[in-house]
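Residue numbers (the working numbering), protein chains in the order written: chain S, 1 to 294; chain C, 295 to 589; chain H, 590 to 948.
Any given hint might turn out to be false.
So, partial list: chain S residues that the calculated Cβ filter (under 7 Å) puts toward chain C [said to hold, decoys possible]: (1) Y37; (2) T38; (3) V40; (4) V41; (5) G53; (6) L132.
Derived DMTMM-like pairs: lysine to aspartate or glutamate, alpha-carbon spacing no greater than 20 Å straight-line [what the hints assert, rightly or not]: (7) K390/C <-> E661/H; (8) K684/H <-> E394/C; (9) K390/C <-> E765/H; (10) K684/H <-> E477/C.
Since the hints were made in silico from the structure, they are not lab data.
Here a beta-carbon is modelled for each residue, glycine too, at the ideal position from N, C-alpha and C.
Listed below, chain by chain, are the residues.
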Amino acid sequence: MARSHPNGPRPTQITAGRIGLYAFLFIAALFFLLPLYTMVVTSLKTMDEIRLGRIFALPETLDFSAWITAWSGACMGTTCVGIRTGFWNSVAITVPSVALSVFVGAVNGYALSLWRPRWANVLFGLLMAGGLIPYQIFLYPMVRAMANVSLYNSLAGIILVHVIFGLPLVTLLFRNYFVSVPEELCKAARVDGAGFWRIFFEIMLPIAVPMVVVVSMLQFTGIWNDFLLGLVFAGRDNLPMTVQLNNIVNTTMGERNYNVNMAATILTAIVPLVIYFLSGRWFVRGIAAGAVKG
Amino acid sequence: MPIKRKPHLSATFALLPTWLVAVVVFIGTMAWSIRLSFTNSTLFPSSTYVGLAQYVKLFSSAKWLASLQNVLIFGVLYVAGCLLLGFLLAAALDRKIRFESAFRTIFLYPYAMSFVVTGLIWQWMLNPTLGIQASVRSLGWETFVLDWVVNRDMAIYALVLAGVWQGAGLVMVIALAGMRGIEAEQWKAARIDGIPVWRIYVSIILPQLGPALAAAGMLLAMGVIKTYDIVVAMTNGGPGNSTEVPAKFIMDNLFGRQNLGLATAGATVLVLGVIIAVAPFRYAIYMRNRAKGVA
Amino acid sequence: MQSAVSIKDLKIAYGDHSVIEKMSIDIAPREFLVLLGPSGCGKSTLLNAIAGLQDITAGEIWISGKNVSWEEPKDRGIGMVFQSYALYPRMSVRKNLSFGLRVAGLPKTEIEARVARTAALLHLDKLLDRRPAELSGGQRQRVAIGRALVREVDVFLFDEPLSNLDAKLRNELRVEIKKLHQNLGNTMIYVTHDQVEALTLADRIAIMRDGVIQQLASPAEIYHRPANLFVAGFIGAPAMNFIEGRIERGNGSPVFLSNGLAVDLSGYSFQAASDGPATLGFRPDHLVLDGAASRLPTIPGHVSVVEPMGSEAVLWFDWAGQSLSLRLMGEVTLQPGDTVAPGVDIAKASLFGADGSRL
Chain S
1 MARSHPNGPR PTQITAGRIG LYAFLFIAAL FFLLPLYTMV VTSLKTMDEI RLGRIFALPE
61 TLDFSAWITA WSGACMGTTC VGIRTGFWNS VAITVPSVAL SVFVGAVNGY ALSLWRPRWA
121 NVLFGLLMAG GLIPYQIFLY PMVRAMANVS LYNSLAGIIL VHVIFGLPLV TLLFRNYFVS
181 VPEELCKAAR VDGAGFWRIF FEIMLPIAVP MVVVVSMLQF TGIWNDFLLG LVFAGRDNLP
241 MTVQLNNIVN TTMGERNYNV NMAATILTAI VPLVIYFLSG RWFVRGIAAG AVKG
Chain C
295 MPIKRKPHLS ATFALLPTWL VAVVVFIGTM AWSIRLSFTN STLFPSSTYV GLAQYVKLFS
355 SAKWLASLQN VLIFGVLYVA GCLLLGFLLA AALDRKIRFE SAFRTIFLYP YAMSFVVTGL
415 IWQWMLNPTL GIQASVRSLG WETFVLDWVV NRDMAIYALV LAGVWQGAGL VMVIALAGMR
475 GIEAEQWKAA RIDGIPVWRI YVSIILPQLG PALAAAGMLL AMGVIKTYDI VVAMTNGGPG
535 NSTEVPAKFI MDNLFGRQNL GLATAGATVL VLGVIIAVAP FRYAIYMRNR AKGVA
Chain H
590 MQSAVSIKDL KIAYGDHSVI EKMSIDIAPR EFLVLLGPSG CGKSTLLNAI AGLQDITAGE
650 IWISGKNVSW EEPKDRGIGM VFQSYALYPR MSVRKNLSFG LRVAGLPKTE IEARVARTAA
710 LLHLDKLLDR RPAELSGGQR QRVAIGRALV REVDVFLFDE PLSNLDAKLR NELRVEIKKL
770 HQNLGNTMIY VTHDQVEALT LADRIAIMRD GVIQQLASPA EIYHRPANLF VAGFIGAPAM
830 NFIEGRIERG NGSPVFLSNG LAVDLSGYSF QAASDGPATL GFRPDHLVLD GAASRLPTIP
890 GHVSVVEPMG SEAVLWFDWA GQSLSLRLMG EVTLQPGDTV APGVDIAKAS LFGADGSRL
């Protein structure tokens with residue numbers, strides 16, 4: 001029925017603005033996805049196919065050999081054991097670093113916000129300043145100090161370094177979280193006779209579980225993605241994946257195996273990516289929380 | 295039991311390791327580094343003071359000056375690019391579109407990846423013989439040029455491109471959260487006033503997102519000063535000095551060239567740079583809080 | 590005479606969930622119409638639909654003789670004031686008032702003249718260069734009203750404009766809005782859940798419930814002759830007293846019977862006579878303390894609570910296991926436990942049938 005005059009809902013019309021909006025979104029999505037796509041297709045091609053110079057073309061046959069080489073045979077300089085040692089090194093570095101830094105940061109945030117001992121604000125200010133200052137100014141003296149106590153170039157050493165440099169952000173996030181916990185909760189527990197640690201473990205930590213998850217995820221991706229600290233402190237035997245990846249790609253002699261390089265790159269990126277895709281909303285919350293007070 | 299009567303003791307005790315870190319690591323090592331910058335240390339620390347000689351040497355080094363200029367260009371374009379693209383993406387996602395969460399996931403995923411990975415991906419994409427340039431040429435556009443990573447004049451923009459690709463999602467998330475926090479009635483009022491949508495975003499919403507975007511900008515700017523991994527992975531400072539950055543200059547002199555005095559002088563300048571960049575912000579926040587009576 | 594706003598067979602639904610059921614209202618030029626109802630009754634939805642901020646499912650909306658059902662809000666010839674004020678936070682009062690006009694491309698001198706006129710009318714002259722954050726709640730709402738006024742349109746829409754203010758400011762601004770209406774003579778449609786605002790401001794009140802208008806009438810009519818039990822119970826504080834019983838019509842005038850009470854209904858003007866179950870409703874101010882002396886049917890009981898309120902008092906007394914209220918002027922010396930026998934003035938009472946509608 002043709003309606004002669006306006007009646008009922010406004011007819012939905014597809015406006016130019018709406019088309020422009022979706023065009024912008026799709027082009028943007030293309031810009032963001034293209035590198036990922038390129039990386040994946042390149043890793044599945046043979047070198048002969050790559051030499052054709054068609055970076056966006058789909059592989060003619062699926063060839064997983066580059067992945068196998070990247071995992072267990074790619075060369076860094078003269079050693080050819082692939083990136084798998086780096087993967088396990090990264091796991092060995094990241095897991096304890098995350099657990100320790102989150103625990104210490106949670107205790108810090110709890111003590112700073114709900115107990116406010118003497119000089120709490122000074123300590124917090126120092127931590128925040130430490131978080132802002134470029135690492136380069138700390139590096140050399142730290143290397144010397146750690147060499148003196150035999151922690152330089154060791155797994156324990158790199159873990160300690162990650163915990164230290166993780167403290168500012170983790171403490172900040174937990175402090176901001178615990179500040180929003182009503183103080184009465186802490187007071188009531190104290191009236192009931194609970195002490196500092198009992199209140200922490202039995203009341204505050206359970207409340208803060210969502211924050212623990214968010215911060216752990218943030219720290220996990222942060223430490224997994226670290227390059228600088230791993231390069232300086234981990235030592236030859238503990239080099240994390242990012243450092244080994246860069247060595248594979250940028251220090252190869254002779255012809256570069258782009259398919260292997262891309263496979264190794266994907267393997268390095270895959271852990272944070274899986275965390276991101278499985279926990280999108282938590283991740284978003286984490287970076288939003290981290291950004292609010294930078 | 296003393297703990298129950300004086301529970302603050304436990305809190306103080308619990309914070310001891312952190313105090314140790316703050317005083318020994320953050321203050322102690324920084325003081326040591328700054329001290330070294332006034333000595334003639336090379337491979338090993340020396341205690342021969344040379345005044346400002348290292349700083350003079352630093353600022354007469356073409357490489358250092360180039361790296362300062364590079365980081366400035368990179369920083370301005372990277373922060374501005376992330377803010378602009380991030381804001382546009384957020385505004386687009388705010389327009390009640392389909393597949394919003396899919397788009398959001400796509401725009402943010404690069405932020406989960408390391409700078410090393412980001413640098414390597416874009417190094418490959420921009421590879422002049424086998425990358426985008428070759429593909430476009432094989433389509434028939436023989437004169438197409440996209441050789442940024444090997445072009446002295448363009449390499450810094452390749453870094454910006456990769457950086458914006460990685461960081462725009464962060465701004466998008468922050469801006470979108472801000473937009474969602476704006477009262478629905480402001481939108482209604484603006485529609486009654488007949489304000490076009492783009493104008494609402496520019497004149498009404500953007501000013502309200504100011505503080506959130508400033509925080510995001512700060513976060514990105516701090517990243518700029520620390521820029522190292524992405525350069526090492528993507529261009530390693532080249533071609534020539536065209537993508538050298540201060541953080542890399544310091545690392546090279548610290549561990550590669552065994553030039554401790556010069557490296558620590560550079561690091562000290564970097565720290566001063568951070569203080570100069572952050573101080574006005576902190577001061578503004580402090581004054582605002584004091585004005586509100588919360589400080 | 591042409592209506593200022595006319596709603597024809599309007600229907601609003603989300604899927605199967607209907608918010609506004611087929612509704613038609615005509616609002617006369619210069620009329621002040623209040624949409625009153627509990628939250629969720631659809632009154633704000635209706636107002637938003639008139640403004641063009643809400644999609645409609647069926648029907649038409651006419652404003653000033655023009656079918657605006659498909660028009661953009663800005664083209665409908667309306668101004669709107671919101672509960673949260675919805676001022677643009679980063680703009681000065683002057684910019685808030687002029688922003689829409691500037692976007693519409695009006696000449697500068699015209700904009701300045703309108704802003705000046707509005708500011709003078711609402712006593713905003715001294716506040717023009719302040720930001721919303723620097724204003725009090727009452728000042729903010731005056732700016733919000735000003736932003737509607739500068740549009741110089743015929744119809745103003747108010748969406749609970751006083752709800753965010755404290756009681757004192759609310760009373761002040763209510764008077765200001767009433768004066769404004771008297772001075773400007775525009776058509777105003779005003780949504781509220783506050784019956785005092787409705788009774789004091791409105792030329793007509795539309796009482797809504799579940800997307801249906803229960804009664805559309807003058808405040809006096811609504812107060813004195815509520816159309817159904819819902820309206821009767823919604824309007825008035827303390828609420829109207831209700832007694833359930835039945836109407837019997839012997840061989841003479843009808844009588845209301847309940848728990849030994851027998852009230853002669855010959856003084857009641859029926860609009861729909863019927864026998865059987867019924868509810869007798871009477872307002873606390875329509876009870877007379879000494880019923881016998883006034884020769885009214887009496888409802889005997891014991892005083893339970895006395896609530897003095899300065900110039901008047903509310904007396905609560907128990908009758909047949911239910912609590913009834915009665916409004917008294919002046920000081921009250923009665924104590925809880927005292928026996929009273931108030932009389933009900935049947936001419937001012939209301940009777941409702943089994944379906945709740947007025948008899």
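So, going through the hints one by one against the coordinates:
1. Annotation: Y37/S was flagged as interfacial toward chain C, and the flag is violated, the nearest CB pair being 10 Å apart, outside 7 Å.
2. About 6 Å separates the beta-carbon of T38/S from the nearest beta-carbon of chain C, less than 7 Å, and the hint is met.
3. Interface restraint check for V40/S: the shortest CB-CB distance to chain C comes to about 11 Å, outside 7 Å, so the restraint is violated.
4. Taking 7 Å as the C-beta cut-off, the interface hint given for V41/S is violated, the closest approach to chain C being about 11 Å.
5. Given the 7 Å rule on beta carbons, the hint for G53/S holds: about 3 Å separates it from the nearest Cβ of chain C.
6. With its C-beta approaching chain C no nearer than about 6 Å, L132/S sits inside the 7 Å limit, and its interface hint holds.
7. Distance restraint check for K390/C and E661/H: the Cα-Cα separation of roughly 18 Å lies within the 20 Å cut-off, and the hinted pair is therefore satisfied.
8. A distance of roughly 34 Å separates the Cα atoms of K684/H and E394/C; the hinted pair therefore is violated under the 20 Å criterion.
9. Using a Cα cut-off of 20 Å, the hinted pair K390/C and E765/H is violated, with the two alpha carbons roughly 39 Å apart.
10. For the given pair, K684/H sits about 19 Å from E477/C by alpha-carbon distance, which is consistent with the 20 Å threshold.
Violated hints, in rising order: 1, 3, 4, 8 and 9; the structure is consistent with all others.
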